[in-house]
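Since chain W is already given, all that's left is putting chains A and F on it; use the hints.
Residue numbers (this note's numbering), protein chains in the order written: chain W, 1 to 208; chain A, 1 to 546; chain F, 1 to 127.
To be clear, the hints were calculated from the coordinates, so they are not data collected in a lab.
The structure presented is a predicted model; accordingly, all values stated were derived computationally and were not measured.
Mixed in with the good hints there might be a few duds.
Unchecked claim - Reference listing, derived: stretches of chain A covered by chain W, where coverage requires no fewer than 3 residues with Cβ under 8 angstroms from a Cβ of chain W:
hint	region
1	202-208
2	218-225
3	237-247
4	272-281
Every residue gets a Cβ at the ideal spot worked out from N, C-alpha and C, and that includes glycine.
Letter by letter, the chains look like this.
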Amino acid sequence: MSGIWTLLAVGASLAAVARLAASDPKRRRVFGLPPTGRPRRARLLLGMALAPCAALAWLGTTADVVIWCGAVTTLGWFLVAIPPATQLSMAQAASGALAGMTVGRVGLRTPSLRGLAPLARRFKEGLGGLPPLRRVGAGADRIALLEALIAALEASLADRGAGGRGGGSPLPGEPERSVSRNGWRREAETAGVRDDSRGEPERVASNP
Amino acid sequence: MQGNEEGPVAEPRNGGAAALSQAQMKRLTAVHGWSGTLLGLLLYIVVATGTIAVFAQEIREWSVGASAPPGIDVPVDAAVRKLAAFMPRGVLGEVGIWRNSRGEVVVAFHTHATNPASREEEDFGTVFHLDPATGEVVSRLNDFYSDALWDRDGDALSSFLIDMHVALYLPYPWGYILVGVLGLLMMFAALSGLLMHRHLIRDLFVAARSRSRLVGHRDRHALASSWSLPFAIILAFTGSFYALAFTITSPILTEIAFGGDEEAMEETLWAPPVAEDTRRAEPADLDAVIGRSSAEVGGPAEYVGISNYGRADSRISVWHHPPEGRLTWVQTLFDGVSGAYLGPRPEIGNAFSVGSSLFALMWPLHVGDFAGVASKLVWVGLGATTGFVVLTGLSLWVRRREAEPAWRRFGLAIVATGYGVPLGAVAAAHGAFLSGVSGDPFLWTPISFFATALGCYAAAWRLGDPLRLRHLYLTLLAYGCLALPIVRLFCGGTSWAEALRLGHGEVIVIDLLLFAGGGLMLAWRGSWLRRVVGIEARQPLRQPAE
Amino acid sequence: MPTRQADQWTANPESLRGRIAAYGDRHGRPLYAAFRGWVATRPRLARWLLAGPVAIVAGLLFTAAMPVWLPAGSAGVDGLVWSLVLGPLVWALALLYGVLEANLMRGFALFGAVAVLSALLIAGAML
Chain W
1 MSGIWTLLAV
11 GASLAAVARL
21 AASDPKRRRV
31 FGLPPTGRPR
41 RARLLLGMAL
51 APCAALAWLG
61 TTADVVIWCG
71 AVTTLGWFLV
81 AIPPATQLSM
91 AQAASGALAG
101 MTVGRVGLRT
111 PSLRGLAPLA
121 RRFKEGLGGL
131 PPLRRVGAGA
141 DRIALLEALI
151 AALEASLADR
161 GAGGRGGGSP
171 LPGEPERSVS
181 RNGWRREAET
191 AGVRDDSRGE
201 PERVASNP
Chain A
1 MQGNEEGPVA
11 EPRNGGAAAL
21 SQAQMKRLTA
31 VHGWSGTLLG
41 LLLYIVVATG
51 TIAVFAQEIR
61 EWSVGASAPP
71 GIDVPVDAAV
81 RKLAAFMPRG
91 VLGEVGIWRN
101 SRGEVVVAFH
111 THATNPASRE
121 EEDFGTVFHL
131 DPATGEVVSR
141 LNDFYSDALW
151 DRDGDALSSF
161 LIDMHVALYL
171 PYPWGYILVG
181 VLGLLMMFAA
191 LSGLLMHRHL
201 IRDLFVAARS
211 RSRLVGHRDR
221 HALASSWSLP
231 FAIILAFTGS
241 FYALAFTITS
251 PILTEIAFGG
261 DEEAMEETLW
271 APPVAEDTRR
281 AEPADLDAVI
291 GRSSAEVGGP
301 AEYVGISNYG
311 RADSRISVWH
321 HPPEGRLTWV
331 QTLFDGVSGA
341 YLGPRPEIGN
351 AFSVGSSLFA
361 LMWPLHVGDF
371 AGVASKLVWV
381 GLGATTGFVV
391 LTGLSLWVRR
401 REAEPAWRRF
411 GLAIVATGYG
421 VPLGAVAAAH
431 GAFLSGVSGD
441 PFLWTPISFF
451 ATALGCYAAA
461 WRLGDPLRLR
471 HLYLTLLAYG
481 CLALPIVRLF
491 CGGTSWAEAL
501 RLGHGEVIVI
511 DLLLFAGGGL
521 MLAWRGSWLR
531 RVVGIEARQP
541 LRQPAE
Chain F
1 MPTRQADQWT
11 ANPESLRGRI
21 AAYGDRHGRP
31 LYAAFRGWVA
41 TRPRLARWLL
51 AGPVAIVAGL
61 LFTAAMPVWL
71 PAGSAGVDGL
81 VWSLVLGPLV
91 WALALLYGVL
101 EANLMRGFAL
111 FGAVAVLSAL
121 LIAGAML
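This is chain W alone, in the form it adopts within the complex (with noise of 0.2 angstroms):
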């Protein structure tokens, strides 16, 4: 069997590793990622990941088989190595690359490839529904984001505590409290931190 049926054979079960690990429940869960809500079928997918090692085995040469099984196991862990964020921002640089396309919100520019939309739309859920790639990355400033929400919750809470709106004076080194409806907002603005969660429906800690 020549090397490009064993190249076809290592792809196609490649191809059925990556739906495991798309599916895989342990790996939803570990990345925040919500259930698919389709039937996983591991066993189905597992035997299409060692069918196309079945019919290198039946068709092939010995060679062919062992290549395959060295190509699956390094290739398949370069995979799954790669955490579903990663593998999102990956694919929408290379789409980007590529066609001068961007995958959201922000639409597609170039008029022809408007039909990979739905199929890019797919692609985003089979990766989980992660949010947009300007989200993806902004780890510190999220994290900072949120503790800024907590202090304000805290200080909203202390508020309560001392005897409703306006009530309390703010303890040392913490921000000036703001008792809007958007105060969690202006809190965080004074904290410095940039919050890109415009277009996002707004929590807004609620003051009685």
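Relative to the frame of chain W, chains A and F by itself:
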């Protein structure tokens, strides 16, 4: 909960496989961890140099500037007869014929004699290098053939890389024994890791959860080792076989089975069966024998071995690279007087058996050269994965003990070694080319490697910061790779135009790979590539209560 | 009349069996008890010895004896070849066993039996 003499038994793994007690798990973890830590850096050096050495032939051709000739495809019979006429009968006991990377035909007449310097039984005789077109003698050497002398027939760079891999550049047999022990360690680590990892199947698709947290280090190590487990065992097993079989096992077996008679052992295992007949006889036409063998096997001959040249009991063995689809080399046997084809012969022994098949599989499963570049690429991937497993295991060990200064220093040594081996290999290449102009490449290639390695450790000691160290090493490696093709060219190497004209593709491909690799490393260091793939710059985030 | 199977061995002290039993009673039992006591008092050192030198020696002897008891195969050299090829695997498994064995005395007994049997086979082949 069930238990044994050592107390409660942990819950069964993966659906009820044999469970280990807490004490057993603790012991296994301790031995896995400590043996890996004490010898892990040396093991990484062996693995990394082995990964590079998978492409030793291509590196040799790039270094020399010429493609390997397609086997022995030139007439050799006339030249061999002419040379044999002047050789004393004593060195006609074994004659080896092959082509080196420069295309010269090498004819080696040798016998076994005790070397007064080493007091060991070694090959002794005369090696001729012949011009392939005319058959004229280009060079000649009379001496004992240690491995170093055989290697000098190639080039300094690939010979050094292979020597680092098989013996850590230590003298025989100690280097081999040490590398064999490292192979045993790797086998033990793979098997013990398999027993220790209680959720191997469940964790098979879990990528590292965090770049900096302890759990992320564990995830990286567990994932890489789980996926590479079968081949890690195969590579360790075959590697320790090559290192220990002929340094430890073979002498023991010679003593027990043959009463210490090495000649008898060699004749039983390697020599073709033939009744001794010392009468002179006209040797068979070697060109006809090689042609017949190539037709039988369907590929060119790589090596010809003749026993008792010019005697009635002469035999000719012809070796061929694995035909397409097969894993093992093919050996054919011919009568050395009549040239009659006696059939295929196994690599060991005189008849095919399960044992001979297993022996023959050791080479292709370790080296991965049975299908040319395709299989070599896969083996490079396997080697890189194994190196990653070793480094992540060491990093995990250090991460757990980061509070202690001694372990933090060891962490720096891990970074220095991890980058030091590829950096040293690039430096060795620079040394080989620069010293090839005027000097001895076989001296300056290892000096360049070890000097660079020492420099890496010195930088680690001085800088003391892993992030700055990585940045420094990556920069040096990137520029080293980018400069290497230019240095090769300016030191008299084959130009791209000449390589294209003569069909020496390896020269161009490896130069391009070096340019591409250097460029990618610079892009990664400059964090452009990291931004593209969405990876943050590394920050040592401290997490409470791990 | 002997009441236990063991007593039949010593029923006639002049027989070979009787002499072996008497030797065992006089020397073997105290040695065994002393060794067992040592293992109980120094379990960590015993573990190091079991998984270290004892495993190595037992593994080497087992490998060396393999050509004696393995079938020679169609080529007549399979015993030697299997020994050459499988040697390192045997040593790695011996090390693994030495680490895992929960009962130190059982580990020593097993390695001891393997070493003694292998040594006897080797001696028989060399003589």
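For a quick check of understanding: which of the numbered hints are violated here, in increasing order?
Result: hints 3, 4 break, sorted rising.
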